[in-house]
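J.: Numbers 8 to 116, taken from this note's numbering, label the letters of the sequence shown in order.
Where hints are given, some of them may not hold.
[What the hints assert, rightly or not] Simulated DEER-style distance windows between Cβ atoms:
id	residue 1	residue 2	range
1	R15	V52	30 to 40 Å
2	R15	A59	22 to 32 Å
3	L38	D11	36 to 46 Å
4	A36	R78	15 to 25 Å
5	A56	T10	41 to 51 Å
6	A46	I12	32 to 42 Å
7	A40	I12	42 to 52 Å
8	A46	L25	23 to 33 Å
9	G44	T10	47 to 57 Å
10	E50	P14	16 to 26 Å
11	P14	G44	43 to 53 Å
12	K13	F66	49 to 59 Å
13	G24	A72	13 to 23 Å
14	V71	E50	23 to 33 Å
Bear in mind the hints are in silico, worked out from the structure with no lab data behind them.
All values derive from a computational prediction rather than experimental measurement.
Just so you know, even glycine gets a beta-carbon here, dropped at the ideal spot from N, CA and C.
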Amino acid sequence: MSTDIKPRRGATERITGLIWGAIVTAAGACLIAALSGYAIDLELVAIVALVALGGWLLFSAIGVAMRDRRRETSQQQPVETAVPETDDAAPAPGQGWDDTPEGADRKDS
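When you get a sec, could you build the whole thing from the sequences and use the hints?
T.: Here it is in structure tokens:
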């Protein structure tokens, strides 16, 4: 027995399964009608199939774009403004840093 938990299928996978089921059902219905002696206009069937597939592609593209936009807005981090750093570590004039170049003799008083 497997203990792997499989996530629930997403809406896209369920809709894709529905579309494939509709395609197979329509093809079967056309085949049954043709074998029963009915005259089927194949050009009209092809046009209707292309319109249906085009609508499905358009619908799925809009759905993906809306889902991605929703994810982007929910995961978007607030914009932090950059604060210029001040040099707080610098000593006050005359209290620390030495203007004497390295290697030069310093007079200690």
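J.: Decide, hint by hint, whether the structure agrees.
T.: Outcome of the hint check:
A hinted range of 30 to 40 Å holds for the C-beta pair R15 and V52, which are about 35 Å apart. For R15 and A59, the Cβ-Cβ distance of about 27 Å falls inside the hinted range of 22 to 32 Å, so the restraint holds. Distance hint check: the CB atoms of L38 and D11 are about 39 Å apart, consistent with the given range 36 to 46 Å. Remark: the range hint 15 to 25 Å for A36 to R78 is contradicted by a beta-carbon distance near 39 Å.
One distance hint, 41 to 51 Å for the beta-carbon pair A56 and T10, holds here, with the actual separation near 43 Å. At roughly 53 Å, the beta carbons of A46 and I12 sit outside the given window of 32 to 42 Å. Roughly 45 Å separates the CB atoms of A40 and I12, a value that falls within the hinted 42 to 52 Å. The given range of 23 to 33 Å is respected by A46 and L25, whose C-beta atoms sit roughly 30 Å from each other.
The given range of 47 to 57 Å is respected by G44 and T10, whose C-beta atoms sit roughly 55 Å from each other. About 43 Å separates the C-beta atoms of E50 and P14, a value inconsistent with the hinted range of 16 to 26 Å. For P14 and G44, the hinted distance range of 43 to 53 Å is satisfied, since their beta carbons lie about 48 Å from each other. Against the hinted window of 49 to 59 Å, the Cβ-Cβ separation of K13 and F66 comes to about 26 Å, which falls outside the hint.
At about 21 Å, the beta-carbon gap between G24 and A72 stays in the expected band of 13 to 23 Å. Taking 23 to 33 Å as the suggested C-beta distance range, the pair V71 and E50 conforms, at roughly 32 Å.
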